[in-house]
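K.L.:
As a plain string of letters, each chain reads:
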Amino acid sequence: GAVVSQHPSWVICKSGTSVKIECRSLDFQATTMFWYRQFPKQSLMLMATSNEGSKATYEQGVEKDKFLINHASLTLSTLTVTSAHPEDSSFYICSARDRGYGNQPQHFGDGTRLSIL
Amino acid sequence: AQSVTQPDIHITVSEGASLELRCNYSYGATPYLFWYVQSPGQGLQLLLKYFSGDTLVQGIKGFEAEFKRSQSSFNLRKPSVHWSDAAEYFCAVGVYTGNQFYFGTGTSLTVIP
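Respectively, the protein sequence lines represent chains W and X.
For the first sequence, position 105 (counting from the first letter as 1) is numbered 106 according to this note's numbering, and the numbering increases by one without interruption.
For the second sequence, position 59 (counting from the first letter as 1) is numbered 140 according to this note's numbering, and the numbering increases by one without interruption.
I should point out that these hints are in silico values taken from the structure, not numbers from a laboratory.
Note that the structure is a prediction, hence the values are computed from the model and not measured.
The C-beta atom is built at its ideal place from N, Cα and C for all residues, glycine as well.
Check before you lean on any hint, since a few could be wrong.
[What the hints assert, rightly or not] So the derived label-pair ranges between C-beta atoms look like this:
id	chain 1	residue 1	chain 2	residue 2	range
1	W	N71	X	P121	27 to 35 Å
2	X	Q152	W	K56	39 to 47 Å
3	W	N71	X	F132	17 to 25 Å
All chains should be built: construct the whole structure from the sequences, respecting the hints.
P.N.:
Now the structure itself:
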């Protein structure tokens, strides 16, 4: 089945550090990937839609300069949290859809727990 | 606007008992419907999906869901719950014209011996 790999699974770093999270589709090509943020015991909040070869589309209220997204290939999207602060601590999850199948489900990575000290 | 409602925030069932998790959606056309499960600290795993055809869909781990257009519902069921089913369950709606999913707020399932 479709597998999405997310790395790292857990990051602990000092305030002011920039953190990069990778999302890879291992056995399919994904023209579109999605980045979500999840607070404890809450649902997923879509942050942005990452489009291969073009700029990401950010949801309202999400700072583009804070959360940099790059989708350089059909199998890789990265989310960089720039100058992270404690309020950025959260669980970040990516997902991807198999290209060519517009009604297919999103396949999710295992998430990255980000803790900013 | 599209929306997904999961009325039950938390459900507790005994192992071996039957389970039904409710999901209602609001969408102008027939949506694509999904159920996902999330174990603590993990990503989401697809349980089942509905696009068209038979309104009763079978998924993994013994789960099934029934689409009822008249009630705008897509409830998830399992005849006999196992302790390993304890997790967070999310209902999601996919719209035809876009990539976006709309997630419900989730239902937390606790299974007691």
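K.L.:
Confirm or reject each hint.
P.N.:
We went through each hint and held it up to the structure:
no.: 1; hint: W:N71 x X:P121: 27 to 35 Å; verdict: holds (30 Å)
no.: 2; hint: X:Q152 x W:K56: 39 to 47 Å; verdict: holds (40 Å)
no.: 3; hint: W:N71 x X:F132: 17 to 25 Å; verdict: violated (32 Å)
Going through the hint list in order, the structure does not satisfy hint 3, though it satisfies all others.
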